[in-house]
Amino acid sequence: MLEIHDLKAAYGQVQVLHGISLNVPQGQVVTLIGSNGAGKTTTMRAVSGMLKPSAGRIMLGSKDITGLPAHRIAKIGLAHSPEGRRVFPTQSVRDNLLLGAFTRLTLGGKRPRGDIQGDLEKALDLFPRLRERQHQLAGTLSGGEQQMLAMARALMLKPEVLLLDEPSMGLAPILVDEVFHIIGRLKEQGITMLLVEQFAAAALGVADYGYVMENGRIAVHGPATQLRNDPKVQAAYLGGSASH
Amino acid sequence: MDILMQLLMSGIALGMIYAVIAFGYQSTFATSGTLNFGQGEALMLGAMVGLSINGDVLGGPYTNYWLMIPLVLLFGALQGVVVEFIAVRPAIKSKSEFGWIMSTIALGIIFRNVAENIWGRDDMPFPSPLPTAPIHILDANVLPMELMVVVGALLMMLLVELFNRRSIYGKAVVATSSDRDAAGLMGINTGLVITFSYALSSMSAAFAGVLIAPITLTGASMGAVLGLKAFAVAIIGGLTSGLGVIVGGILLGIAETTTGFYLSTGYKDVPGLVLLLLVLAIKPSGLFGKTTIKKV
Chain A
1 MLEIHDLKAA
11 YGQVQVLHGI
21 SLNVPQGQVV
31 TLIGSNGAGK
41 TTTMRAVSGM
51 LKPSAGRIML
61 GSKDITGLPA
71 HRIAKIGLAH
81 SPEGRRVFPT
91 QSVRDNLLLG
101 AFTRLTLGGK
111 RPRGDIQGDL
121 EKALDLFPRL
131 RERQHQLAGT
141 LSGGEQQMLA
151 MARALMLKPE
161 VLLLDEPSMG
171 LAPILVDEVF
181 HIIGRLKEQG
191 ITMLLVEQFA
201 AAALGVADYG
211 YVMENGRIAV
221 HGPATQLRND
231 PKVQAAYLGG
241 SASH
Chain B
1 MDILMQLLMS
11 GIALGMIYAV
21 IAFGYQSTFA
31 TSGTLNFGQG
41 EALMLGAMVG
51 LSINGDVLGG
61 PYTNYWLMIP
71 LVLLFGALQG
81 VVVEFIAVRP
91 AIKSKSEFGW
101 IMSTIALGII
111 FRNVAENIWG
121 RDDMPFPSPL
131 PTAPIHILDA
141 NVLPMELMVV
151 VGALLMMLLV
161 ELFNRRSIYG
171 KAVVATSSDR
181 DAAGLMGINT
191 GLVITFSYAL
201 SSMSAAFAGV
211 LIAPITLTGA
221 SMGAVLGLKA
231 FAVAIIGGLT
241 SGLGVIVGGI
251 LLGIAETTTG
261 FYLSTGYKDV
271 PGLVLLLLVL
281 AIKPSGLFGK
291 TTIKKV
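Residue numbers (the numbering used here), protein chains in the order written: chain A, 1 to 244; chain B, 1 to 296.
Just chain B, same shape as in the assembly (with noise of 0.2 angstroms):
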């Protein structure tokens, strides 16, 4: 077994993760400007919701892993929703420009308290849908359910784009995010595309928590720090670049395999964070964001 081979496939795998949670906070960016910084908190609610269906937690299981994640994706988009309504809406209405950061921040924290209280503080094994004996691929051992991460991760990206390139409501959501005015004039209603772009981001991260949980361990603090890095990795990327945050979320998941192997464990964040000191100085659209060039 090539140990290099084997920490580029495990690194591949969680960048993905992050690409996904990155993914949503592109999505709602892009039509208004704003971030959920709890984004972190809806994956973890993701993967709460998923193991209460899908384990014993709650007097489950009540159905498999694949049946639940439709469910979960439902979940998620409705917490989008709320999100979008009590703390980003008020801040667009009143032309506060950052009134949505210390809410989103705050609905967040409030989220991970109900999720202490009903769930409690430990972290729990999430019941794997897929065997768990490791697979033999270029000389690294994989597990089934980090391929199913890439796959899932992908095909949800596909996925969207086709929405937003085929029908006519993605390319309303694509004009909203080009010119909120003008598709106004349209005739459509940008303030529900906004809506839609929440909804559509915690939806991702409520995806990436289903996804990741059976390879880590679930619990209300999991989506703190997941939600940290894929923000680094969004601004790695460039928050409107869909390719910046596969490539970004590669880059991260790597470096920290790589240095927790090489260097230490404890080290394992910093060349990430490093990276993404070294961009904003250097290069702040992120290394596949476009410098926005206002023509009049």
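So that you can see chain A by itself, here it is in the shape it has in the complex (with noise of 0.2 angstroms):
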């Protein structure tokens, strides 16, 4: 569904991707693990039209989407829930929710419309605690709630493939476990995902297929269950696995 051949990025003069290549075939989750730095976040952005990139090509289903603007990739069926969340906090959880679903509610949006209500209705009881507070300003949730907006936020969009940034990134243990086991029920949902993760178990845990990225490179690639018990990624990435 996703297809990424040679992609190759650098922020001004320095490059950080050196040539990724990787797949994400529909209806799979598929992890990109790797210490920081690794161009995890280069990778995703560029594949999101948030950074355009120097070389490569980029597919999304038959279409090919290199270089286009974050918009136009939004309108082919790609939703990003970026690092850090970036939810608009001005606006209420329930604007925040709408917009995401922008490209279907829009006149040239080309997204199909379908019943956005019923998505939004779906999408708080997928996480009640935004049902609680969706006339809330997204600005006064906590770091847990406004992670779980960014990712519902994305699912508005409907997309072909999800990107998912660091959904657990300072989050306290107990919500990273939520967090995880909302990844798992959109999986059972049949939804594609790319998820990128620090906490590299419980990403290998819930994935079918993991990649290892090492300084702009893909360093190892196999199935989840294989990366798991691989010697190498285990010292270097699950190492004593105290993290999780």
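Hints are computed from structural coordinates only; laboratory data are not their basis. Keep in mind the model is a prediction, meaning the values are calculated, not measured. Glycine included, each C-beta is placed from N, C-alpha and C at the ideal position. Hints should not be assumed to be uniformly reliable.
Said to hold, decoys possible - Mimicking BS3-like on lysine-lysine, the simulated pairs with C-alpha atoms at most 30 angstroms apart in a straight line are:
id: 1; chain 1: A; residue 1: K110; chain 2: B; residue 2: K93
id: 2; chain 1: A; residue 1: K8; chain 2: B; residue 2: K93
id: 3; chain 1: A; residue 1: K75; chain 2: B; residue 2: K93
id: 4; chain 1: A; residue 1: K52; chain 2: B; residue 2: K93
id: 5; chain 1: A; residue 1: K52; chain 2: B; residue 2: K95
id: 6; chain 1: A; residue 1: K75; chain 2: B; residue 2: K95
id: 7; chain 1: B; residue 1: K93; chain 2: A; residue 2: K63
id: 8; chain 1: B; residue 1: K95; chain 2: A; residue 2: K8
To be verified - If the Cβ cut is set under 8 angstroms, some of the chain B residues that face chain A in the computed set are:
id: 9; residue: K171
id: 10; residue: A175
id: 11; residue: L185
id: 12; residue: M186
Stated by the list, open to error - Far from chain A, by Cβ distances over 12 angstroms, these chain B residues were calculated:
id: 13; residue: P70
id: 14; residue: L78
id: 15; residue: F85
id: 16; residue: R112
id: 17; residue: G120
id: 18; residue: M148
id: 19; residue: A224
id: 20; residue: F231
id: 21; residue: L243
id: 22; residue: L263
id: 23; residue: T265
id: 24; residue: Y267
With the hints as a guide, bring the two chains together.
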């Protein structure tokens, strides 16, 4: 569903991605793990159009989305819950969710409209904390609630592929569990996901397939179960598995 | 007649004009971090086009004041699109931090020259759509047109606020203002939102132009000082606060009328500018502006 071929990207003169190839098949969860600065978030940003890649090709379904601006990629059906949540702080939780459905609500949005109210209710069912706070300003939510809002907002696009960047970042352990539980439920619903995570063990627990990034390259990849048992991956990323 | 009350009333009417123009500054600053320094010229063009439709300068009048307003608003919006397209978009694209300052000023000067050539350099009276006999309110004489200024200004800001809160397109504008990248991820064409904010900005200025024209005179040079003072108002009130420009505008308006009467009209611009300097020294984000706190 999402195919990335030899993707290169740079911030100014600094080359960050040195040719990344990865594949996210329909209905599967693929995780991208690796240490800080390996280029995971940059990969996500290059895919969703927040950053223009310098080379390579990105296909979403049958469409070439390489180098398109973010809003056009969203219209084609890619949702990105970005690092740091990036909710709209001065707007209500409900408005944030409606903005997630912007491509379905507007003329020229191109995404099938469907039942937006119904999907909003479903999102609030999936994240009951958001239902309680739906009329509150998003800026007043706790970090965990904002993370849930960012995920729910991305789901409102009814995406072909969902990118989740560090959904557990900065959350209390109990909330990390909740976030992974929800990712599991989304997987059951057949949502195709590309997941970037620091909690490698938990990510490989929920994913079908994994890629390990080092210094802007894919170092190892394979089925998630295989990576979990790979001694090198264990030593580098699951070390002591104290994290989770 | 109570003279102080009179000065307050005139100050409020003048202040609301500043507020409308300052509101335009805010609208583009929110979405793009840039300002149209040709705002005063946008106001002047609005007034001149209004006068051409509504007065006899170019073979008119073609229609009355009330039907002229929507035409001028449309003209203002188009003029804003032109400004964004020529002066701002290239600067944003090339990530030039200050290019837009010079290019909007330059475009403003060009607009003024064009206006001088079409309409001449002399100030002209603008026919008042309302009776020119003052009405008595709270011990003061108020021109019906001054009331119209206050009502029109508040109505316009209220409509924009409603649009922002109620419609999905307005929500997209607000979202673009708070986080342009994240708004793009929602599928919002943020470049188009910036163009829209420039249209809205020049439309506000053009509206201010046809509101104030019947009270003052209309001419190619009418915009420069108004645009500058409204900029002061936007700084005093805060570039991010809707309430700020109303309060800031009224403060400056009253400061001008009272100084003009009690001190000397020669000094009428001084207190407002002193206030501007004070605000910049003490609270640079403006009286009502929020200091941006970046959360990581």
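Results of checking the hints against the structure:
1. Pair hint K110 (chain A) plus K93 (chain B) holds up; C-alpha atoms about 26 angstroms apart against a cutoff of 30 angstroms.
2. Note on K8 (chain A) and K93 (chain B): the hinted pairing holds, with a Cα-Cα distance of about 22 angstroms set against a maximum of 30 angstroms.
3. Proposed proximity of K75 (chain A) and K93 (chain B) is supported: the alpha carbons are some 22 angstroms apart, at most 30 angstroms.
4. The straight-line distance between the Cα atoms of K52 (chain A) and K93 (chain B) is roughly 13 angstroms, inside the 30 angstroms bound, and the hint therefore holds.
5. Taking the CA atoms of K52 (chain A) and K95 (chain B), the gap is near 14 angstroms; set against the 30 angstroms cutoff, the hint holds.
6. With a C-alpha separation of about 25 angstroms, the suggested pair K75 (chain A) and K95 (chain B) falls inside the 30 angstroms cut-off, and the hint holds.
7. Annotation: proposed proximity of K93 (chain B) to K63 (chain A) holds, straight-line Cα distance about 26 angstroms (limit 30 angstroms).
8. A hinted pair counts as satisfied when its Cα atoms are at most 30 angstroms apart, and K95 (chain B) with K8 (chain A) qualifies at roughly 22 angstroms.
9. Checking K171 (chain B) against chain A by beta carbon gives a least distance of about 5 angstroms; that is within 8 angstroms, so the hint holds.
10. Taken as an interface hint, A175 (chain B) checks out: its beta carbon lies about 5 angstroms from the nearest beta carbon of chain A, inside 8 angstroms.
11. Annotation: interface hint on L185 (chain B) holds; nearest CB of chain A at approximately 5 angstroms, less than 8 angstroms.
12. Restraint check, M186 (chain B) versus chain A: the minimum CB separation of about 5 angstroms is within 8 angstroms; hint holds.
13. Every beta carbon of chain A lies more than 12 angstroms from that of P70 (chain B), the smallest distance being close to 23 angstroms; the non-interface claim holds.
14. Every CB of chain A is more than 12 angstroms from the CB of L78 (chain B) (nearest about 21 angstroms), matching its label as outside the interface.
15. With a closest Cβ-Cβ approach of about 17 angstroms to chain A, F85 (chain B) is found to remain outside the 12 angstroms limit, as its non-interface label requires.
16. Once the 12 angstroms rule is applied to beta carbons, R112 (chain B) is consistent with being away from chain A; the minimum gap is 35 angstroms.
17. With 12 angstroms as the threshold on Cβ separation, the claim that G120 (chain B) sits away from chain A holds: the shortest Cβ distance comes to roughly 44 angstroms.
18. Every CB of chain A is more than 12 angstroms from the CB of M148 (chain B) (nearest about 32 angstroms), matching its label as outside the interface.
19. Annotated as non-interface, A224 (chain B) keeps its C-beta farther than 12 angstroms from every C-beta of chain A; the closest such distance is 34 angstroms.
20. Every Cβ of chain A is farther than 12 angstroms from the Cβ of F231 (chain B); the closest lies at roughly 24 angstroms, confirming the non-interface assignment.
21. Every beta carbon of chain A lies more than 12 angstroms from that of L243 (chain B), the smallest distance being close to 14 angstroms; the non-interface claim holds.
22. A cut-off of 12 angstroms between C-beta atoms confirms that L263 (chain B) is not in contact with chain A; the least separation is 42 angstroms.
23. Annotated as non-interface, T265 (chain B) keeps its C-beta farther than 12 angstroms from every C-beta of chain A; the closest such distance is 42 angstroms.
24. With a closest Cβ-Cβ approach of about 40 angstroms to chain A, Y267 (chain B) is found to remain outside the 12 angstroms limit, as its non-interface label requires.
Violated hints for the displayed structure: none, as all numbered hints are satisfied.
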